[in-house]
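A.B. asks: Protein chains in written order, with my numbering: chain A, 1 to 375; chain B, 1 to 742; chain C, 1 to 396.
These aren't lab readings, by the way, just hints derived from the structure by calculation.
Even glycine gets a Cβ: it sits at the ideal position worked out from N, Cα and C.
There could be a bad hint or two in this list.
Capping the alpha-carbon separation at 30 angstroms, the derived lysine-lysine pairs in DSSO-like fashion look like this [said to hold, decoys possible]:
1. A:K178 <-> A:K167
2. A:K215 <-> C:K375
3. C:K274 <-> C:K232
4. C:K303 <-> C:K274
5. C:K306 <-> A:K137
6. B:K596 <-> A:K178
7. B:K640 <-> B:K697
8. C:K195 <-> B:K170
9. A:K137 <-> B:K596
10. A:K137 <-> C:K274
11. B:K104 <-> B:K170
12. A:K215 <-> C:K350
13. C:K375 <-> C:K232
14. C:K274 <-> B:K104
15. C:K350 <-> C:K335
16. C:K382 <-> B:K314
17. A:K215 <-> C:K386
18. B:K104 <-> B:K402
19. B:K344 <-> A:K178
20. C:K375 <-> C:K306
21. B:K170 <-> A:K257
22. C:K195 <-> C:K386
23. C:K386 <-> C:K274
Partner residues are not named here, just some residues of chain C that face chain B (Cβ under 7 angstroms, in silico) [said to hold, decoys possible]:
24. T50
25. T94
26. K102
27. D105
28. E106
29. D107
30. S119
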Amino acid sequence: MSHISSVLASLVHVLSHAPSVFWRLTLSGIELGGVYALIAIGYTLVYGVLQFINFAHGDVYMVGAYIGFFSVTVWFASSSPWIQGICGIVLSIIGCALLGLFIERLAYRPLRNGLSSADAVPWSIISAFYVDAFLGKYLAARSVLPAVAIYLIVFAISFAVMLVVLKKLFRMLAPRIKPTNDRLTALITAIGMSLLLENQGAASFGVSPHIAQVKGINQSVAPLIVLVASVVLAAALVFVIKATSIGRAIRAVSQDKDAAALMGIPTDKVVGFTFLLGAGLAGAGGFLNHMVDGVQFDTNIGITLGLKAFIAAVLGGIGRVDGAIVGALLMGLAETYTGASIFSDFKNAVAFVILIAVLLLRPSGILGKTAQEKV
Amino acid sequence: MAQPNITSNPGPHAQVRESRMMHLARNAAFLAVFIVALLLLNFLQHKLNGYISDLILQCGIAIIMAVSLNIVNGLTGQFSIGHAGFMAIGAYVGASVTYLAEMKFSHLHTPPDWWLFIAMCVGGLSAAICGLIVGIPSLRLRGDYLAIVTLGFGEIVRILITNSASISPKLDLLGGATGFSGYSGYYSVPHMANYAFVFGSAFVVIWMSRNLKFSLQGLAFMSVREDEIASEAMGVDTTRTKITAFFLSSFFAGLGGALFAHAEPFAPATFSFVQSMNYVIMVVLGGSGSISGATIAAIVLTLLPEALKPIQMKLGLADQYRLVLYALMLVVMMILRPEGVFGKSEIRFLRRKLAGLDNDLSPNTSTDHSSLPYRTVQTVLDVSHLTRRFGGLLAVNDVNIKLEDGDLVGLIGPNGAGKTTLFNLLTGVYSPTSGTVHFNSTMLAGVRTASFLRRTILFIRDAFVGVVTGIIIGQIIVTSSIPITSSKDQIQAVRFLVDIFGLLGGVWAAVYSIRTQKNLTPLKPHSFASTGIARTFQNIRLFRGLTVLENVCIGSYLRRRTSVIDALFRTPRVVQEEYEVVTNGRRLLDRFNLLKYENALASNLPYGDQRRLEIVRALATSPSILLLDEPAAGMNPQEKTELMDLIRQIRDEFGLTVLLIEHDMKLVMGVCERIYVLDYGKIIAEGKPDEIKSDPKVIAAYLGEENAENETESEKLDVEQLYHPDTIGAVTIDSVSSGEAE
Amino acid sequence: MKSNQFKFSVAGAIVLVTLGLAGCKSPAKTSGSSAIPSNAILVGEYGSLTGQQATFGTSTDNGIELATNQLNAAGGINGRPVHVFVEDDQGLPTNAGTAVTKLIDEDHVISILGEVASSCSLAGGKVCQQNGIPMISPSSTNTKVTEIGNDIFRVCFIDPFQAAVDARFIHDKLGMTRVAVFTNTDNDYSLGFTKNFIQAFTAMGGTIVIQKGYGASDTNYQGALTAIQQAKPQCILIPGYYNEVAAIAKQARGMGITCPLVGGDGWDSPDLIKNGGSAINGCYFSDHLAMDDPNPVVQNFVKTYKAAYNHEPDSLAALGYDSANLLYAAMKRAKSLSPDDIRQAISTIKDFPGVTGNITINAQRNADKPAVIIKIVNGQFKLDCKIANPNVPLAK
């Protein structure tokens, strides 16, 4: 009896000392969760409208981190912290949103709608990019003109040439290429885009990790900034989805793409906008996590973080924005607690364990409903 | 006796007996050639320059990996992107086997070569078991979860192997990040995998994949890729099939990994995501489903980067550009030719015709079905109080239907009345909210209480899992958030807290178990199919990428007598069965005048023929009940008349019970002996076609409540008019209801 | 049928072309002049020129190239120039094995320089040992590497030595006895360092107050750092790589951990300061050399390296430089250029005046030489002290 009471006394003692650590971990878990949420929302939105996993989403996040990195260390290196922070995050959001849209136009739309001559535009852009990467680099090193000018000229010329050529080619190929809604084809394409971004990133930015932070931010305010910013952004997204006409269109397309099209909703535009929104948020996530919180990153960061964010979306119920947020918060907490516990070696396995558990126990996620396929 | 009757035809048996002799002789000869070839290869290996010989060895292993991945990614249409993870398991387990053997029999300096064979088997099996652990949760579900899970798995395996020593000191032999090094830390795996082993295994893997691909089992694998729902309806247990495919694929990957461990230096970093993607790219570019494609892609993609290295170094390009190129190739390939270079086709010496394909069908044979014994009239399908609720909507409400042997019954009702939902309930696609479906007095759908034993076992399992999970979560929370103090009492207290967590978890799981495990999980459609319920679909769901004959052959999968193992080794039983199945399938096709299309892709058939093919496919499962969901949709009047005859003939010839959903009143009234009318999920009328025609409730349902009450007399005439064969042609319920709106 | 035959022939053609390409001998990247003189002495080098560890490989490659160019400019070995074939292994052991096989079988090199990462050196070293070709590893510190056999040498110190140097430094110079260890558990170097350090430090009477781990792909270390903070160590040993250390240091300082961080040669990179900023000030690490060492050999190397590559050398470059020079010195001394004689010559080298100290190859084919401790002061690496024998207590 006295044994139990002494145990209880120690318990009270430990618990009374625990809270400070507990709250700090909780805060950092929620903060990590906020970043996951910003990425997970993109997965869930795209899954909602197209029912496929946009594997390249994690890499969009990576690009966001790099845009942030260049804003902070190069473009606005000498500006005040406010300008660094605000311009950085805005650039990250805009850059990533455009990248998301570009990926959709480049790879996913031709799959969905079949090849058309309009698809020549994104393909010309990417061709021109590679001409620049090789020919442009070669010329820039051997010319008196400033490198930027050379790059621009090479880009413009090759873009124009490729546009003409590809338009012809695509028009010729178009009748032979039928649209497909095979999910495997879409998945492989997405994996292809992911590989492309990752390795192009590594080729352009180098494989060694980077680390930088907006001036004047220290570890005591960073979590708060990340937290507030992610709450504001998530709230803005929920507002867009719930209260605007484009949001209503997104919801309609999620319900039934064909019916929405029949109702006069331009589904392609809506899908594009969905990518834009999701990718923009991921860009913001990249900036917040790496430039505000100062977490180091390299070009492979998209794989691990993307995977975790996707699992968060599945945990919450894929296809639902609120589910993504809830799942992401739980995920962030679980990971932080595990990282601080005796199982810290297995921190990275937590996401995987959660995924297996969700798939076994509740595949539709915490907030999701089981959807029956129409037969 | 110019054309012997097939049923008493000694032909196939004699042929099979003869072929069995041939089979043996051929196998023996083949084995001899095979062994000689392997010995020659080994001889060759020592003649070659070390670098070239190393590259060729790598090609051999890449072939094993690509062909094995092809089983799951190509043949079955699932998507694994963690193949290197399974390879890692095989490599490490295989290396451990050799190591332990060497330690155990320390008098052997290097264990004899056959130890490698054991290492390969054990490595393969361990990888396959991991495949089961990963596959079972993710393959139960439709969708892309496998990709995510395998991606995670590949990463986790790497993390676990590098951290193995901290999991258990016993795993210290794996050597962490530097690679396998035994307990001493200085062991290196002997390079025993010579050409004979590598190319012998590659050959066996290719041979087995080919056997599998061109077999009834392989057809089932491919049907899962084509259409999971139709596949289930044909009696294919899709979950099991997918898991089997994944099991095989992981087994071969493990085997390849074990070979790799005995051929090349390796470390956890070797089995990275990039490595997995290499194999995926081999399969996708080569052609998803093509063994030849995967093999050739494996060779090309192993040698090409090596060949291009000097150029790459000269240009100063990072290795990443190779992957950039791969990525662009993937995307372009998906847009232009999603099936890959080879598609599903094979080079000539990997192709195989189905046995019995060239068999001459005698023109006037009777089918097996007519020889069925005379059956007494009995209730075969008994549906009672069947209800299905979707949210607030009662799609099917307290439906009672009885079908007797040989019945030809129609089910009609306005759009949205719940007809297709009812069909889905009868075939297990949906499970009922309440009510039961009995078939020949076995319960198919409905609440099936679990036995006490089962519940107890599940209870113990759940409670155990709950306690363990509780303890782990308790540990995490407690150890992460409690200040580190060395006081003994406090550690005691922490333990106490963890115990409480564990206990709570156990209690919760136990309560959960009691509340949810009362009933067995509903049967899946393939179980319905296997009891003898076959169906067609409202929107045609043929296996579009398979030929007409293959579509029909999948119907026979349900009655198969051979296993996957038989198929892998292509035993004489498989050949015999294939012969029978193909003959039977062709006979069925012949009966429905589809034989001319037997080698055409199902998707290339005219619409009406596709509908008929779906019926033939359903018949191939030798069902007792055939459920036809709007078989006449999209047919022209002449086709419809033919269909009416066909349905009647099917019923008579095959001794079936037929339940038919149809909007075409002429067809239903013309062919059905009894009709159920469904409206708002309820059966509102039942009877002979004439009774139904004049039933006021039916008229009300079709024409609206007020009309029926006020103008029954006059409307009746109109209805007669509607049903009149001359006008009926294209009149559908929709036009009736729009007529009412005027 | 026909189209299939076509496909088959196309595929066959591709395979043949690939085989042809792979088969034909293609000159690898060359150091110095692109044409190989007919009397050149052929040496092989393998390293991670691309991939995740590209920076290590490139630095080493630069060092070797510098040494080779200097040698050839000075007339080569007994009048014969040296040609170095370079193979990229992307930092993967399998590729390292293949690369070394290629160097030996295709390029017919007579000795080999290579690898930074121990897992690659082990893979390549085994091939060298099998073929009886001497190999010098510039910077693989894992003890196992030279234990492969009598053909494998190194010019750097080994892990237990370095860990003991750190322990001795912390115990004697800093006078600290309570140390926390924060290990990269995905990394063999880090794990080995940890083990050796704990052994050495506890033998000196110190205590390890807490031991925590992180993964190579981790980005957030706060959980583990919280635990470390509570254990109140006097300093934290982080035997990881510079990029991780910079991030850890930043997060640790942000959380209010002020004690010095101590590490090993994995820290050595300008990126440590670039990424770590002020967080890394006041920390120490052991290394092969200090660039501000007034020793003229070092200063001379720094100057010529900077002139050739336009940036500061790191210790990997210095070790690459030393490994190449040591090999060339041995070749000059060797009776003939047969592998056996070269091996013999390498194994008897004594007090070779390398950039990283005076190197003596001992009976275990390892290099006996002192280590340096570098302190980071205001974003600069400053030589703190040299420790030649960690088993002897230091004077305060």
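A.B. asks: Is the hinted pair A:K215 and C:K375 satisfied, with a Cα-Cα distance of at most 30 angstroms?
C.D. replies: 26 angstroms, holds
A.B. asks: When you check the alpha-carbon spacing of A:K215 and C:K386, does it fall within 30 angstroms?
C.D. replies: Violated. A:K215 to C:K386 sits at ~37 angstroms, over the 30 angstroms cutoff.
A.B. asks: Does B:K402 sit within 30 angstroms of B:K104, going by the straight-line distance between their CA atoms?
C.D. replies: 69 angstroms, violated
A.B. asks: Answer holds if the nearest beta-carbon of chain B is closer than 7 angstroms to that of C:T50; otherwise answer violated.
C.D. replies: 4 angstroms, holds
A.B. asks: Decide if the proposed pair is consistent with the structure: C:K195 and B:K170, CA atoms, cutoff 30 angstroms inclusive.
C.D. replies: With Cα atoms ~17 angstroms apart, C:K195 and B:K170 stay inside 30 angstroms; holds.
A.B. asks: Does the alpha-carbon distance linking C:K274 and B:K104 stay inside the 30 angstroms limit?
C.D. replies: 53 angstroms, violated
A.B. asks: Next pair to validate is C:K195 with C:K386; report whether the Cα-Cα distance is within 30 angstroms.
C.D. replies: 23 angstroms, holds
A.B. asks: Is B:K170 close enough to A:K257, meaning Cα to Cα at most 30 angstroms?
C.D. replies: 55 angstroms, violated
A.B. asks: Given C:S119 as an interface hint, is its Cβ closer than 7 angstroms to any Cβ of chain B?
C.D. replies: 4 angstroms, holds
A.B. asks: For the pair supplied as a hint, A:K215 and C:K350, is the alpha-carbon distance within the 30 angstroms limit?
C.D. replies: 52 angstroms, violated
A.B. asks: Checking one constraint from the list: CA of C:K274 to CA of C:K232, max 30 angstroms. Satisfied?
C.D. replies: Holds, at roughly 28 angstroms.
A.B. asks: Would the hint linking C:K386 and C:K274 be met if the CA-CA limit is 30 angstroms?
C.D. replies: Holds, at roughly 25 angstroms.
Taken one by one, the earlier hints fail for this structure at numbers 9, 12, 14, 16, 17, 18, 21, 29, listed in ascending order.
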